[in-house]
Amino acid sequence: MSQRRIGLLGGSFDPPHLAHLALGRVAQQALALDELRWLPAGAPWQKAGRPMTPPQHRRAMLASLLADEPAALIDDTELAHRGPTYTIETVRTLQAAAPGAQWFLIIGQDQYARFDTWRDWPELLQRVTLAVAARAGQAPTPPAALAGHPHRVVVLAMPRLDIAASDIRARARQGLGITDLVGDAVARYIERHRLYTAQPGI
Numbered sequence: 001m002s003q004r005r006i007g008l009l010g011g012s013f014d015p016p017h018l019a020h021l022a023l024g025r026v027a028q029q030a031l032a033l034d035e036l037r038w039l040p041a042g043a044p045w046q047k048a049g050r051p052m053t054p055p056q057h058r059r060a061m062l063a064s065l066l067a068d069e070p071a072a073l074i075d076d077t078e079l080a081h082r083g084p085t086y087t088i089e090t091v092r093t094l095q096a097a098a099p100g101a102q103w104f105l106i107i108g109q110d111q112y113a114r115f116d117t118w119r120d121w122p123e124l125l126q127r128v129t130l131a132v133a134a135r136a137g138q139a140p141t142p143p144a145a146l147a148g149h150p151h152r153v154v155v156l157a158m159p160r161l162d163i164a165a166s167d168i169r170a171r172a173r174q175g176l177g178i179t180d181l182v183g184d185a186v187a188r189y190i191e192r193h194r195l196y197t198a199q200p201g202i
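Mapping of the sequence shown onto the working numbering: position 50 corresponds to residue 50, and the numbering continues sequentially without gaps.
Note that these hints are calculated values from the structure, not bench results. Small disclaimer: the values here were computed from a predicted structure and weren't measured. Glycine is no exception: its CB is placed at the ideal position from the N, C-alpha and C atoms. There's no promise every hint is true.
Stated by the list, open to error - Distance ranges between label pairs, derived from CB positions:
id, residue 1, residue 2, range
1, L161, T93, 30 to 36 Å
2, Q174, G100, 47 to 53 Å
3, A144, A30, 25 to 31 Å
Build out the structure end to end from the sequences listed, making use of the hints.
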């Protein structure tokens with residue numbers, strides 16, 4: 001019996017947007033995943049001290065974005081965790097619940113370049129295959145520290161999509177259109193709850 005192939009795609013998703021969706025679809029196909037777990041961050045250590053949209057809104061927006069993605073599963077492991085969240089702790093928890101599966105950690109090339117700053121990164125390299133999203137025409141570059149640590153890497157060739165969550169928040173704050181960046185459902189949710197404005201809704 002073949003190993004179940006599970007992808008992990010984490011992020012703040014503040015808000016989730018069409019580049020996230022494109023990455024998930026590329027990963028799903030390129031890695032032949034049986035399941036793609038989307039992991040909204042609770043309190044990511046990389047963003048300590050930065051204001052974030054409440055988790056219930058980020059999760060609801062992500063659910064709207066993924067409504068038509070049959071293999072997508074939103075995993076609340078990090079949202080339920082109190083305190084800073086670290087990928088290695090999440091992976092340990094998930095692997096303990098699904099032994100025998102093959103795990104792929106989907107990250108961007110900027111994250112890959114700083115991978116040696118992650119908690120217990122040598123252990124993480126042993127536990128997962130890294131799937132690095134590369135911008136068109138660019139090869140991902142690992143940090144020098146990884147040279148002495150054999151690890152499995154798959155490069156995901158991504159179409160060029162210049163979408164950034166910070167730009168979306170700024171456009172929403174200014175009352176500009178964002179549907180072409182986040183899709184209809186997420187745009188409606190942001191408008192309905194007045195997210196990214198001076199007076200957010202409930």
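To see whether the hints hold, each was checked on the structure:
1. L161 / T93: 30 to 36 Å: holds (31 Å)
2. Q174 / G100: 47 to 53 Å: holds (50 Å)
3. A144 / A30: 25 to 31 Å: holds (27 Å)
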